[in-house]
Amino acid sequence: MATPDGRRVRPYLATRGRTRPVQDIAIEALVSTTSTGRSAGADPEPERERILRLCHSPRSVAEVAAIVSMPLGVARVLVADLETEGLVRVADPHAAYAGSSEPARNLSVLERVRDGLRRL
Amino acid sequence: MGFVDSEVSGGTHADQDALSVKIVVAGGFGVGKTTFVGAVSEIEPLRTEALMTEASTSVDDLSMLPEKRTTTVAMDFGRITLADDLVLYLFGTPGQNRFWFMWDDITRGAIGAVVLVDTRRLADCFGAIDYVEQRGIPFLVALNAFDGVQEHDAEDVRDALQVGPEVPFVVTDARERESVKTVLVTLVEHAMSLIQQA
Numbered sequence: 480m481a482t483p484d485g486r487r488v489r490p491y492l493a494t495r496g497r498t499r500p501v502q503d504i505a506i507e508a509l510v511s512t513t514s515t516g517r518s519a520g521a522d523p524e525p526e527r528e529r530i531l532r533l534c535h536s537p538r539s540v541a542e543v544a545a546i547v548s549m550p551l552g553v554a555r556v557l558v559a560d561l562e563t564e565g566l567v568r569v570a571d572p573h574a575a576y577a578g579s580s581e582p583a584r585n586l587s588v589l590e591r592v593r594d595g596l597r598r599l
Numbered sequence: 251m252g253f254v255d256s257e258v259s260g261g262t263h264a265d266q267d268a269l270s271v272k273i274v275v276a277g278g279f280g281v282g283k284t285t286f287v288g289a290v291s292e293i294e295p296l297r298t299e300a301l302m303t304e305a306s307t308s309v310d311d312l313s314m315l316p317e318k319r320t321t322t323v324a325m326d327f328g329r330i331t332l333a334d335d336l337v338l339y340l341f342g343t344p345g346q347n348r349f350w351f352m353w354d355d356i357t358r359g360a361i362g363a364v365v366l367v368d369t370r371r372l373a374d375c376f377g378a379i380d381y382v383e384q385r386g387i388p389f390l391v392a393l394n395a396f397d398g399v400q401e402h403d404a405e406d407v408r409d410a411l412q413v414g415p416e417v418p419f420v421v422t423d424a425r426e427r428e429s430v431k432t433v434l435v436t437l438v439e440h441a442m443s444l445i446q447q448a
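In order, the protein sequences belong to chains C and W.
So my numbering is basically just the index in the first sequence, starting at one, shifted up by 479.
So my numbering is basically just the index in the second sequence, starting at one, shifted up by 250.
Looking at chain W on its own, in the form it has when it is part of the complex (with noise of 0.2 Å):
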């Protein structure tokens, strides 16, 4: 990639640095965020791990503490190279509600999020719409169709999950490269039609 030698000596070129720009999959345990990745991502979904303290969350320095219980939160993502300055990164959440404290990194400058519903398991995704509705951050619902899901359901599942018309329900096909593509392209389009709108 050009970028890679835009640094040389004689002066910053920042702006001649690849920009990369992130795009959340959500959703609840097993609903196949990674699939959804892995689906599009030029490389084989990779896993970074963030370490926590299970018991307490006020200290800081664990190696003072080595009795203290250390848990790790595993989190999929993948890359697309969209051009030669531009990198898109697709983070899945940890799928354990439990480490929020996760989600603020993935989602800090995000273009949004996708949440990925089971139908099977409405409930598993509560949270997620939660976060996402509570800090404003563009996202629409993909329901998982690996089970048959049709468009008719959309409605009836946005109505389960009282989520607002502004939001874009799609069908996909979390294997399906296209079907994901169309995913992509669609929340872009719906952070687009919000800024234009604010």
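Chain C extracted, bound-state conformation (with noise of 0.2 Å):
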């Protein structure tokens, strides 16, 4: 859907009982599979299949569309719709800071990536 703005163009159309619109979901997000997802048998769906496999470990939204190769705004859909299924759990950053500070407005959280990238 377009946004407001009109920019933006989300050309896929499969909007199966999500709660909010794909496009909130950060391509930094954490994807990753839940015990019901790793319990659940193969996925028919080929990509569905590898994104549940993939996320085994936490995987940005980008990473799964860049490493599954397809364009994130259809990542994004097959993301949700897992999510939606139970099948993986999305720890998008901003929705868990939401109505408190962003995590990229968090003192304590913005200390922990400078001391971390000095240990590197």
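These are calculated hints, taken from the structure and not from any lab test.
Keep in mind that a hint or two might mislead.
To be verified - Partial chain W-side listing against chain C, Cβ under 8 Å, derived:
1) Leu-269
2) Lys-272
3) Phe-327
4) Ile-330
5) Leu-338
6) Asp-355
7) Ile-356
8) Gly-359
9) Ile-361
10) Ala-373
11) Val-435
12) Glu-439
13) Met-442
For glycine and all other residues, C-beta sits at the position ideal for the given N, C-alpha and C.
Make one complex out of these two single chains by using the hints.
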């Protein structure tokens, strides 16, 4: 769907029961396969199956798109569907901090980032 | 990583999820953004692509318009695992300025932006600086020194770019891990100081 400013275009249709626009999923949001997703049998759709296997260790939505070789918008739709079905969890940094300061404006988060970079 | 199995039956443990944060690496085409990202990334920089229509920006269903031309916008990115529960992503912006729509995705919630500058092609970074300034995204200017740029060139460039004195200017070598690390630490400290001043 086009955003209200009309500049962005999402060329995909599916909106099966999702509770938020897929564009709201941050590109750095970490996707991890849930225990339900792990114990479910192989998904009949190869791309979904690849995402479920890939995200046994958490990967960002951007990584999912790059590794599974699909456009970002398609990856968002599939991840959102899998999340709706309880097969993956999406740790969206913006959602997690909704109502308080977002992580990028949180001093203790920034301190950890700075210290982590120094230790590299 | 420990958080992989944090999701267990009987309750959510959202606070145990890893946190992901990001820094944007902006600048003109060919200025060295992917080199910069690759110098510190623990993975080979990955490329992700988005599709957009070339002709129209008001129609949301391409499947109904098979004749409409689509174009692909690519951005390269890397990952740095800073702790078991903290991952930093570095996202390079698309080099072509006409793809501003991607920048909203890339910059939303970012710690800040490194605007990478090639002093031989200063004008290439104007768009990036305008973008981050207008949106209040913390940023610094990093002169890529692969052409022998010296520290003293920084003030000349600051004048040329008409960027205020509060914006850090650094000289970097995008191929050098330590140099890139220093730039990133400087940016994070700058973002912290802006919060502390607020």
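* Asked: In ascending order, which of the hints set out earlier in this document are inconsistent with the structure?
  -> The structure conflicts with hint 10 only, although it agrees with all the remaining ones.
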